[in-house]
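Asks: Sequence:
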Amino acid sequence: LIDTLRNDEADIVRQAAAHALGKLGDPRAVNPLALAVFEDADRGVREAAIKALTTMVFSEGEAWKPAEATLYRLLVSNLDDQLVLAALDTLSDYTGHPRIRGALRELLYDLAKFARSDQVRERARALFRAIPSEEGGEYA
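Each residue of the sequence shown is one higher than the one before, counting from -8 in our numbering.
Keep in mind the hints are simulated off the structure, nothing from the lab.
Since we're looking at a predicted model, the values are computed, not measured.
One thing to keep in mind: the hints can contain errors.
[Claimed, not checked] Between beta-carbon pairs, the in silico distance windows are: (1) L15 x A60: 31 to 39 angstroms; (2) K104 x K56: 38 to 46 angstroms; (3) P123 x V4: 35 to 43 angstroms; (4) E0 x A121: 34 to 42 angstroms; (5) P18 x N(-2): 19 to 27 angstroms; (6) A11 x R107: 30 to 38 angstroms; (7) D84 x R107: 38 to 46 angstroms; (8) N(-2) x A121: 37 to 45 angstroms; (9) E113 x R34: 29 to 37 angstroms; (10) E97 x N69: 15 to 23 angstroms; (11) A32 x R120: 30 to 38 angstroms.
Every residue gets a Cβ at the ideal spot worked out from N, C-alpha and C, and that includes glycine.
Turn these sequences into a full structure, and let the hints steer you where they fit.
Replies: Below is the structure:
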């Protein structure tokens, strides 16, 4: 699948490979997915790759830690707003997951305050507020 993500000529096939790699949660896929986010010529493949990394953060396997660190670095870099929004859309599926309370919660806070785009700031703010607090309620 990693070879397919890197080398297949068909955009749709590379998108499918990125999606499958995210579902599998193999730590060997983290770096190839990150490279696809920056280097693939097709926007759909780039979005599939960042969504796959986001999904891996919440996987049960060993990939979640490197995926979280990589996702954090990607989202604080100068990424295209549409890619950031794709990651935030995927994060919205996991607002109740315990892992979102750590570095990703801090990331959402930073994006809500400092993102270039109003749309990114608003989406990050909404996600930040949707994360349950340790006491069971939502953050203000």
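Asks: Does each hint fit the structure? Answer for all of them.
Replies: A quick look at each hint next to the structure:
Separated by about 19 angstroms at the C-beta atoms, L15 and A60 break the suggested range of 31 to 39 angstroms. Between K104 and K56 the C-beta distance comes to about 25 angstroms, which lies outside the given range of 38 to 46 angstroms. The hinted range of 35 to 43 angstroms is satisfied by P123 and V4, whose Cβ atoms lie roughly 38 angstroms apart. In this structure the hint that E0 and A121 lie 34 to 42 angstroms apart at CB holds, the actual value being about 40 angstroms.
Distance hint for P18 and N(-2): a CB-CB separation of about 21 angstroms, consistent with the stated range 19 to 27 angstroms. In this structure the hint that A11 and R107 lie 30 to 38 angstroms apart at CB holds, the actual value being about 32 angstroms. The hinted window of 38 to 46 angstroms between D84 and R107 is violated, with their beta carbons roughly 25 angstroms apart. A C-beta distance of roughly 39 angstroms is found between N(-2) and A121, which places it inside the suggested range of 37 to 45 angstroms.
For the pair E113 and R34, the supplied restraint of 29 to 37 angstroms is violated, since their beta-carbon distance comes to about 22 angstroms. Taken as a hint, the range 15 to 23 angstroms holds for the pair E97 and N69, whose Cβ atoms sit roughly 19 angstroms apart. A hinted range of 30 to 38 angstroms for the beta carbons of A32 and R120 is consistent with their spacing of about 36 angstroms.
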